[in-house]
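With chain Y held as given, fit chain H onto it using these hints.
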Amino acid sequence: MQTLKFEFPADRPAARRTHVGVVGSGDLEVLMTPEATGTARVRVRTSVDGFDTVWRTVLERFFARHRVAGSFELNDSGATPGVVTLRLRQAIEEGRE
Amino acid sequence: MTSRVPARNGQTDWNAMLARVSFIELDARARAVALLDDGTARELCGPFDRIESPWLEPQGVVPESDDGVVVVKGVLGGRPAVVIAVEQAFQGGGIGEVSGAKAAASLSLAVRDNREGTPTVAVLLLETGGVRLQEANLGLATVAEVCAALLELRALQPEVGVIAGTMGCFGGMSIAAGLCSTLIMTREGRLGLNGPEVIESEAGVAEFDASDDALIWAIDGGAQRTGTGLADVLVLDDVTAVRSAVIEAVGRGVPGEHRSRRIREWRARLDAVDPADPPDPADLATVWAHAVPAEGDRR
Numbered sequence: 001m002q003t004l005k006f007e008f009p010a011d012r013p014a015a016r017r018t019h020v021g022v023v024g025s026g027d028l029e030v031l032m033t034p035e036a037t038g039t040a041r042v043r044v045r046t047s048v049d050g051f052d053t054v055w056r057t058v059l060e061r062f063f064a065r066h067r068v069a070g071s072f073e074l075n076d077s078g079a080t081p082g083v084v085t086l087r088l089r090q091a092i093e094e095g096r097e
Numbered sequence: 001m002t003s004r005v006p007a008r009n010g011q012t013d014w015n016a017m018l019a020r021v022s023f024i025e026l027d028a029r030a031r032a033v034a035l036l037d038d039g040t041a042r043e044l045c046g047p048f049d050r051i052e053s054p055w056l057e058p059q060g061v062v063p064e065s066d067d068g069v070v071v072v073k074g075v076l077g078g079r080p081a082v083v084i085a086v087e088q089a090f091q092g093g094g095i096g097e098v099s100g101a102k103a104a105a106s107l108s109l110a111v112r113d114n115r116e117g118t119p120t121v122a123v124l125l126l127e128t129g130g131v132r133l134q135e136a137n138l139g140l141a142t143v144a145e146v147c148a149a150l151l152e153l154r155a156l157q158p159e160v161g162v163i164a165g166t167m168g169c170f171g172g173m174s175i176a177a178g179l180c181s182t183l184i185m186t187r188e189g190r191l192g193l194n195g196p197e198v199i200e201s202e203a204g205v206a207e208f209d210a211s212d213d214a215l216i217w218a219i220d221g222g223a224q225r226t227g228t229g230l231a232d233v234l235v236l237d238d239v240t241a242v243r244s245a246v247i248e249a250v251g252r253g254v255p256g257e258h259r260s261r262r263i264r265e266w267r268a269r270l271d272a273v274d275p276a277d278p279p280d281p282a283d284l285a286t287v288w289a290h291a292v293p294a295e296g297d298r299r
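Those protein sequence lines, which keep their order, are chains Y and H.
Residues in the first sequence are numbered consecutively from 1, following the UniProt record's numbering.
Residues in the second sequence are numbered consecutively from 1, following the UniProt record's numbering.
These are computed hints drawn from the structure, not numbers from a lab.
It cannot be assumed that every hint is accurate.
Here are the in silico distance ranges between beta carbons for each label pair [as the list claims (entries may be wrong)]:
(1) Thr240(H) to Thr37(Y): 56 to 64 angstroms
(2) Gln2(Y) to Ala155(H): 43 to 51 angstroms
(3) Arg16(Y) to Pro58(H): 46 to 54 angstroms
(4) Ala155(H) to Asp11(Y): 52 to 60 angstroms
(5) Gly26(Y) to Asp49(H): 20 to 28 angstroms
(6) Thr57(Y) to Gly60(H): 18 to 26 angstroms
Backbone N, C-alpha and C fix where the C-beta goes; we use that ideal spot for every residue, glycine too.
Isolated chain H, as found in the complex:
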């Protein structure tokens, strides 16, 4: 898919860079409001509804009044929409029982709205390290609920995921990202099932050096993920650019075949990589371009 990062002959367009309003620098609430049409944003289960996590205080962790997930309803490019924004500054965007339930319930309500005649689209702003460790099993359960609700909604309406940065999207919520109809990333954004530090602590520094930023972005970064088809659109970190990319993605409607259904294609790509001798990240797109499912492969 076309890149929306303004670049000519591989050169960065510095005028566009200097004129932009950074999306990354906004907090979750401001991001959600910035995406929606002016004056249409209305927050559900806001801070004054006080549905914070009951599990943090007993463990000596200060809770947040919205539990780190901001749900905002409104209008996006003229269509009813719900934006679910994860606050990366609170507990690394970790998903707990309450924040996960907020996300899952708002997606389920969007499903109901669609069935009752209000075609509502969903946008997920995924800046999260995955399940919040203090609420391990409950967090996992709600991530499963989020995924189930995403699967139900995406049959009816497009779901747009945005990974802008700087946290990135890892763990259980990276599975949710993989279910989205369209995934939009910036160069600063990262996407991976296991985060670099998790891989290093589990498999050793020879497997993945979590202090090597260049390596991390070469593998998990937005440019690599869009270049290898694991995400769809690369945008500049700019409010207008992100908003137009989201509206355009919504306009494309429900894809014929979702990324997560193209099993044969992904299996062929996995077969093309030898884990004992992995390709250089820069060569992966080329390796995968030649990895097509064999004729008659019905696995």
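The following block holds chain Y by itself, in its conformation from the complex:
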């Protein structure tokens, strides 16, 4: 297991907190809490070690496109980049009201 932390510039605070997903094989859960800090703070706890670069790339790309400010807690059980992006999109869409 590995814990990774990232920060990305963001200017759109989410309207409300949301929780999506399950820490089940190939999936992850996302807890999104709105923050008016101008950044997206991401903490990833993943069951698979050594994918720091992939995580950075996937998250960088996501937050460049969706500049949602807040804290994002990701509890990951070996999700692929595609599933990670889908869960993050689901979280920000549900947080939009």
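Same frame as chain Y, but now just chain H:
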């Protein structure tokens, strides 16, 4: 008890099958909400309360924010209810210190509500392999607490257990299932004290072949368990069917004698089976139908 699987002359009703909304495909939270009356669900100790297990991270396991047990209060067919749903995708539905304490505490609170004038029923969605091995002793202790709370509550209100699938209900939590007033299963659901792989690893492949799905379902499957009286109601994997079966079970109230109290009956059934020459699973219901306690048997 009557089967609610729509079937005529042993034939599957394909129209009902195609029109259904699968209960099995929902996660624990969605299952709990789907059972309750529309708009009444309110989660207790949800993900943002962050009472995850403190024991997993030090062992290199990613925790889940609700520790794999979702507790939802609401109204079920017009009655106050609490639904305790185990998330099978997280650690195989394994019960740890936190998830077990959530289940036990919500049952105890239901007992208190009942004593204070709010007649609250409990529904347990049991998709669990039993105690989570990473928290062995603490998990066992909380399963004992769950069972104690179930015994206290079932004197006051019906408790409905649902084993829908696909994990099934095994280990310590199968004892909790056995304490429920009514146990509802689907064909896909499984119930057993020891899971197939545990039996195979402990007693050998000759005792139980854990790769033989047909054998597993012939013994542990929902149809067999309802057919032999170890569960009560067989339902189709359908949200509406499961919900109506739960509401109907609640409506029947507290049974006169709980399954787990019918000791003489179960002893007679055990006596009717020779472990050295076990009956074919398909014949068990017939064997047990003839196994009645002897007159004057006071054991």
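Going through the hints against the structure:
no.: 1; hint: Thr240(H) to Thr37(Y): 56 to 64 angstroms; result: 45 angstroms, violated
no.: 2; hint: Gln2(Y) to Ala155(H): 43 to 51 angstroms; result: 49 angstroms, holds
no.: 3; hint: Arg16(Y) to Pro58(H): 46 to 54 angstroms; result: 33 angstroms, violated
no.: 4; hint: Ala155(H) to Asp11(Y): 52 to 60 angstroms; result: 58 angstroms, holds
no.: 5; hint: Gly26(Y) to Asp49(H): 20 to 28 angstroms; result: 26 angstroms, holds
no.: 6; hint: Thr57(Y) to Gly60(H): 18 to 26 angstroms; result: 24 angstroms, holds
Of the numbered hints given earlier, the model fails hints 1 and 3; all others are met.
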